[in-house]
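Chemist: The sequence shown lines up with residues 1 to 514 when you count with this note's numbering.
Hint data in this document are derived by calculation from the structure and do not stem from the laboratory. Possibly wrong hints are sitting among the right ones.
Said to hold, decoys possible - When the alpha-carbon atoms are kept at most 27 Å apart in a straight line, the in silico DSS-like pairs for lysine-lysine are as follows: (1) 194 x 109; (2) 34 x 396; (3) 409 x 289; (4) 35 x 289; (5) 150 x 131; (6) 308 x 57; (7) 409 x 22; (8) 292 x 109; (9) 200 x 237; (10) 50 x 30; (11) 308 x 386; (12) 308 x 35; (13) 34 x 268; (14) 308 x 200; (15) 297 x 308; (16) 131 x 194; (17) 341 x 331; (18) 222 x 194; (19) 341 x 482; (20) 409 x 440; (21) 297 x 194; (22) 167 x 150; (23) 496 x 22; (24) 200 x 222; (25) 331 x 35; (26) 297 x 131; (27) 35 x 339; (28) 292 x 316; (29) 440 x 50; (30) 50 x 200; (31) 150 x 268; (32) 289 x 30.
Claimed, not checked - Distance ranges between label pairs, derived from CB positions: (33) 337 x 381: 39 to 49 Å; (34) 187 x 454: 23 to 33 Å; (35) 347 x 401: 13 to 23 Å; (36) 479 x 454: 46 to 56 Å; (37) 352 x 180: 53 to 63 Å; (38) 225 x 131: 20 to 30 Å; (39) 129 x 269: 55 to 65 Å; (40) 468 x 401: 32 to 42 Å.
For every residue, glycine included, the Cβ atom is placed at its ideal position computed from N, Cα and C.
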Amino acid sequence: MVRIGGLASGMDIDSLVGDLMKAERIPLNKLHQKKQLFEWQRDDYRSMNKLLADLDKFVFDGIFRQSTFTKKTVTTSNESAVSVRNINATSNLNSNIQVHSLAEAANMKSSIEIAAADFDPNATLESQNGKLASPVPIAQTTISVEAIQKDGSMPTAPVDITFDPTKDSLNDVLNRINNSDAGVVAFYDSVTRKVSITAKNTGDATGAEIKLSPGFFTDTLKLDADSDLAVSGSRGKAGANADFTINGLRTQRSTNTFVINGFEYTLKQPTGTATVTVNSATDEEAIFKSVKDFVDKYNETIDGISSKINEERYRKYQPLSDEEREAMTEKQAEMWDEKAKSGMLRNDSILSGALNKMRIDLYSSVGNSTDSINDNYDQLSEIGIKTSSNYREGGKLVIDEAKLREAIKNDPNAIYKLFTHDSAIDGEDGLARKLRSTIKDTITVIEGRAGNALKTSAQFTLGRNLTSIDSQINRFEDRLIKVEDRYWRQFTAMEKAIQKANSQSAYLMQQFSY
């Protein structure tokens with residue numbers, strides 16, 4: 001339709017239609033504002049979920065791990081002979097150790113030179129066959145290896161390795177063996193022109209520690225069928241266990257690194273007739289820091305949630321339309337947005353309920369029935385941690401440092417159980433276990449309302465609300481197009497009528513002038 005812009009009437013039709021459409025767009029602007037409020041609320045919910053998820057991970061990686069409360073400092077009188085570190089020991093160590101001999105890995109080598117001096121280990125075996133003492137059959141070949149395992153036993157079945165002499169070199173085959181689960185390391189030495197194979201694991205298997213299939217190993221590489229045969233022919237060395245005496249008890253291990261009562265020992269060299277003294281002490285400062293870090297993280301989370309549900313709501317400050325934003329300076333718009341975004345979760349029942357439940361979780365007792373943990377502590381206050389007496393702090397925790405240090409000194413394992421006790425009776429779990437359960441439940445509820453990055457809009461309440469508003473906006477925009485078109489048709493018809501009347505008037509005036 002051709003639009004006539006007021007030439008006949010002298011009216012500014014563009015401005016008139018624009019003003020009329022501003023009035024028509026008021027409901028649409030309100031829909032956009034409502035959409036923006038839903039988006040801000042969704043984003044605030046998700047930020048709260050991130051706070052909770054961060055706290056949950058912090059708890060899991062900290063006070064929920066026994067290793068947090070078994071931290072120890074370990075000293076040895078001869079670090080070059082024996083080193084010791086704490087793995088998960090719950091009691092301290094005071095021991096003497098004498099190292100008689102170290103664990104060693106079995107090895108074996110070719111009995112004679114396997115190739116000529118100009119043999120190329122990186123060329124295909126087929127191309128080098130004439131330079132090998134015993135040629136390789138030109139066909140795909142499968143070889144097998146058995147070797148001692150970490151626990152000192154032999155495997156129940158060998159590991160098979162397949163190669164093709166027309167495509168693979170000797171080094172290809174040896175690398176394939178090394179990269180397999182066979183448990184050996186093999187290499188070709190171009191100076192001696194022999195192959196060496198060594199078990200990856202140390203120890204005495206009470207028999208051969210390396211076993212090889214006949215054929216390629218025994219014929220081409222001139223190796224014995226097993227390490228015992230190699231030892232008897234002075235072509236190898238048998239595996240050996242570490243031999244040591246600890247606190248008067250002589251014993252053996254298949255490796256030089258092993259764990260006894262939660263401490264990992266590493267034997268580095270024999271000590272002869274000398275003994276190495278090993279002592280440990282609870283690292284009270286590290287445990288104190290872990291508990292304090294938890295309290296700080298919990299308080300940070302409580303503060304973040306409390307500030308959000310107590311945030312002032314400025315209802316006079318609604319989201320800005322594009323026109324309103326353009327009329328402001330950047331600073332003015334920023335200050336307006338800050339007010340408009342405020343209070344999206346004010347007095348939110350989900351978050352308020354979560355805060356109350358988290359406070360109850362940490363204020364409750366642990367295992368105070370027939371399922372008692374039977375330790376020194378069953379309440380947080382007993383280790384010097386309690387809720388702040390200032391109600392304005394929203395249930396933050398405060399630490400009596402002297403009391404907490406005393407509790408750590410007395411029984412750090414009891415503190416661990418206070419946090420993590422797993423009770424068969426509902427409501428009597430450890431405090432951190434209760435807290436994590438509340439966090440998980442809250443996150444699930446919030447995701448049902450505000451979703452997460454992996455959920456589609458149809459899977460959470462605010463997403464469905466936003467989809468509905470988008471549909472309303474689309475329908476309203478279609479309606480506005482029709483309304484604007486109607487206004488233009490009406491004004492165009494008026495312009496045409498005025499133009500016609502003006503033409504008739506001019507004609508009559510012309511007739512009267514004669």
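Chemist: Does each hint fit the structure? Answer for all of them.
Modeler: Verification of the supplied hints:
no. : hint                  : in the structure
1   : 194 x 109             : holds, 7 Å
2   : 34 x 396              : violated, 35 Å
3   : 409 x 289             : holds, 13 Å
4   : 35 x 289              : violated, 46 Å
5   : 150 x 131             : violated, 38 Å
6   : 308 x 57              : holds, 21 Å
7   : 409 x 22              : violated, 74 Å
8   : 292 x 109             : violated, 58 Å
9   : 200 x 237             : holds, 14 Å
10  : 50 x 30               : violated, 30 Å
11  : 308 x 386             : holds, 23 Å
12  : 308 x 35              : holds, 20 Å
13  : 34 x 268              : violated, 71 Å
14  : 308 x 200             : violated, 58 Å
15  : 297 x 308             : holds, 17 Å
16  : 131 x 194             : holds, 13 Å
17  : 341 x 331             : holds, 15 Å
18  : 222 x 194             : holds, 8 Å
19  : 341 x 482             : violated, 34 Å
20  : 409 x 440             : violated, 33 Å
21  : 297 x 194             : violated, 62 Å
22  : 167 x 150             : violated, 34 Å
23  : 496 x 22              : holds, 25 Å
24  : 200 x 222             : holds, 21 Å
25  : 331 x 35              : holds, 23 Å
26  : 297 x 131             : violated, 70 Å
27  : 35 x 339              : holds, 17 Å
28  : 292 x 316             : violated, 43 Å
29  : 440 x 50              : holds, 12 Å
30  : 50 x 200              : violated, 45 Å
31  : 150 x 268             : holds, 18 Å
32  : 289 x 30              : violated, 52 Å
33  : 337 x 381: 39 to 49 Å : holds, 44 Å
34  : 187 x 454: 23 to 33 Å : violated, 49 Å
35  : 347 x 401: 13 to 23 Å : violated, 35 Å
36  : 479 x 454: 46 to 56 Å : violated, 35 Å
37  : 352 x 180: 53 to 63 Å : holds, 60 Å
38  : 225 x 131: 20 to 30 Å : holds, 25 Å
39  : 129 x 269: 55 to 65 Å : violated, 46 Å
40  : 468 x 401: 32 to 42 Å : violated, 54 Å
This entry does not satisfy hints 2, 4, 5, 7, 8, 10, 13, 14, 19, 20, 21, 22, 26, 28, 30, 32, 34, 35, 36, 39, 40, going by the numbered hints stated previously.
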